[in-house]
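K.L.:
Chain by chain, the residues:
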Amino acid sequence: MIWLTLRQFRVQAAIMGGALVALAALLALTGPGMADDYDRGIAACEAGGDCAVFTRQFFDDHQALYQTLVAALMCLPGAIGLFWGAPLITRELETGTHRLVWNQTITRTRWLVVKLGLVGLTATVSGALAGLMLSWWAGPLEKAGAEQFPRMTPLMFDSRGIVPLGYAMFGFVLGVTAGVLLRRTLTAMAVTLAVFVAVQLAVPAWIRPYYIPAKVTVTKMTSENIEGLMFTDRREVKVRLKQEPGIWELSSRTIDSSGRAVSSLPSSLATGACAPPTRAGNAANAKERCFSEITRLGYRQKLTFQPAGRFWPFQWIETGLFLVLSAALTAFCFYWTRRRVS
Amino acid sequence: MTAVLRARGLGKRYRKHWALSDCTLDVPAGRVVGLVGPNGAGKTTLLNLASGQMAPTAGSIEVLGAQPAESPAQLARVGYVAQDTPTYSGLTVAEHLKLGARLNPSWDDALARDRIATLGLDPRRRAGRLSGGQRAQLALTVGIAKRPELLILDEPVAALDPLARREFMQALMEAAVEQRLSVVLSSHLVSDLERTCDYLIVLVDSRVQVAGDVDELLASHHRLTGPRRDPSRLPADQHVLTESHTDRQTSLIVRSDGPLHDPSWTVGRISLEDLVLAYMSRSGGAGARPALEALR
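First to last, the protein sequences are chains A and B. Reading the first sequence from the start, the letters are residues 1 to 342 in the working numbering. Reading the second sequence from the start, the letters are residues 1 to 296 in the working numbering.
Next up, chain A with everything else stripped away, as it sits in the complex (with noise of 0.2 Å):
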């Protein structure tokens, strides 16, 4: 069964090899000499004293191909799910070959194990794998972008660690149990497809802030922690707090003096304490009267966030609930294959 499987499997898993092999090349190539420039830049800089234009700069030149590899590492999941998991039984089913193979000395179960077993790791390597390889290169792009891009965040959480091997066995499990239950390859490709993304889309937005209560801070404004106030046309305040780099902002919003949240500062401050410096040299004192008088009215900034430590509790936790989830469709798919298909 290992030799039909292997056999069967094959042009698929060439094709996953060379690009694995491919992306190794590529971050091989170019990650020694990124993490040298990093090194090199930093020293540089830190002699001078401020590396925020050098970090900028840095991780600007090497934004789209970062981007490109974060997009491409967040589909491997999705397609080993289409092009892996939903044809591996359907495509028997649609070709009849299923009454060939089960007729054989062999019982379903173990078609059904050795089939899941053998592609399904494959899969979780592969995904586990590019993964890691990718953190490896982006080390000295992490530095870089802890403001901007903080590995915390969905997009760069997703892409980083261990995560990608659990979304790659999910995706794997998801795109077969979608194949047993609705038994046509293309459909089941759709559905995969839709379910896998809406997925990706529900757990960083709904599932993943919760893992551990958030962090709360209330922090009255003050000159030195606001990074900005803007007033909009339509009496809205927007307040920006400085942060420690690469914390998950959940929400950022000001709270009034009974802490209820309010969408805008009263309109008297943009005309009176925090009206616009009239003449250049008064414009710190300005500030500073325009923050004691927001802080005299009641008005704070209140923060929810996860901060950057809990990286890797995240990591575990969610590779431990895709796990989960895998495991359950799994069983699933044992249940249906051996009881409703025929």
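Honestly, the hints are just simulated from the structure, not real lab data. No experiment lies behind these values; they were computed from the predicted model shown. We put the CB at the ideal spot given by N, CA and C, even for glycine. Treat each hint with caution, since some may be false.
[Stated by the list, open to error] Here are some chain A residues the structure puts well away from chain B; computed CB gaps all over 12 Å:
1) 44
2) 46
3) 75
4) 112
5) 135
6) 244
7) 245
8) 250
9) 315
[Unchecked claim] With beta-carbon atoms standing in for the labels, derived distance ranges:
10) 22(B) to 328(A): 38 to 44 Å
11) 16(B) to 206(A): 38 to 44 Å
12) 10(A) to 118(B): 55 to 61 Å
13) 74(A) to 70(B): 41 to 47 Å
14) 335(A) to 22(B): 26 to 32 Å
15) 244(B) to 335(A): 53 to 59 Å
16) 22(B) to 339(A): 19 to 25 Å
17) 13(A) to 109(B): 41 to 47 Å
Dock chain B against the given chain A, drawing on the hints supplied.
P.N.:
Quick look at chain B alone, frame taken from chain A:
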């Protein structure tokens, strides 16, 4: 003699529709069994139940004295060539033999190679590029080289041209004789089975109409012709299957276990095809369609 196939009140339902109902059969070993009936009569369902591809909704079925497909050992004893003789179109002929060898401990590789050589198939050719007849022969080879005790074939020749049909049936019969196989073979055409089968099961509208040894069936069914009369006044041991009347004449096909004594009848033998047609057209309402199918 043990039964190769033993069914008791066997039934299979798909949602609300019974594909097979109340099927009770005892098929003896060492026979070539023809399972005949129109399309949709439940032949494939019965064979799928016998090979363990699906589980019955009602009743029980035993094949070679055991539950179908209950264990690898049981799977090894039953060969199955499914409808349309499926093969892996991307795999070569040689790879199909390798598949058989890898998946069956009882595989007879010499036999398989011999058959492929006799058929003149190129081992390097992909199954997808074989003709329908060659593909059927390849599927049969995989089924036979597994060395089963019972070989089940579901409409193996339905898609073949007359010449390929004859070659396939010939190959099947040779294998059955050489290996002392029991064979169960389905078809919607009586003519496919007429020359080869010595046991017949007629399945119409999900029910078994008649089952038995072909010679015994032919000996106990007669065509009676005589002056017009009411067939309900026949003796109790004579069952009328079909009747047709003209102004003066009545023509009947009857099953009778005892001898026929009434001298006013002209008694004629009937062919297997007539017998099957009589049972097909007898079953309620659906008379026209099965008859057409059987004549095709």
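K.L.:
Against each hint, give a clear statement of whether it holds in the structure.
P.N.:
Right, here's what the structure says about each hint:
1. 44: Fine: 58 Å to the nearest Cβ keeps residue 44(A) off the interface.
2. 46: Non-interface label on residue 46(A) holds, nearest chain B Cβ at 60 Å vs cutoff 12 Å.
3. 75: Correct as stated: the minimum Cβ-Cβ distance to chain B is 26 Å, above 12 Å.
4. 112: 14 Å, holds
5. 135: 37 Å, holds
6. 244: 56 Å, holds
7. 245: About 53 Å separates residue 245(A) from the closest Cβ of chain B, which puts it past 12 Å; holds.
8. 250: 49 Å, holds
9. 315: At about 39 Å from chain B, residue 315(A) clears the 12 Å cut-off, so the statement holds.
10. 22(B) to 328(A): 38 to 44 Å: 40 Å, holds
11. 16(B) to 206(A): 38 to 44 Å: 41 Å, holds
12. 10(A) to 118(B): 55 to 61 Å: 31 Å, violated
13. 74(A) to 70(B): 41 to 47 Å: 46 Å, holds
14. 335(A) to 22(B): 26 to 32 Å: 29 Å, holds
15. 244(B) to 335(A): 53 to 59 Å: 54 Å, holds
16. 22(B) to 339(A): 19 to 25 Å: 24 Å, holds
17. 13(A) to 109(B): 41 to 47 Å: 28 Å, violated
Taken one by one, the earlier hints fail for this structure at numbers 12 and 17, listed in ascending order.
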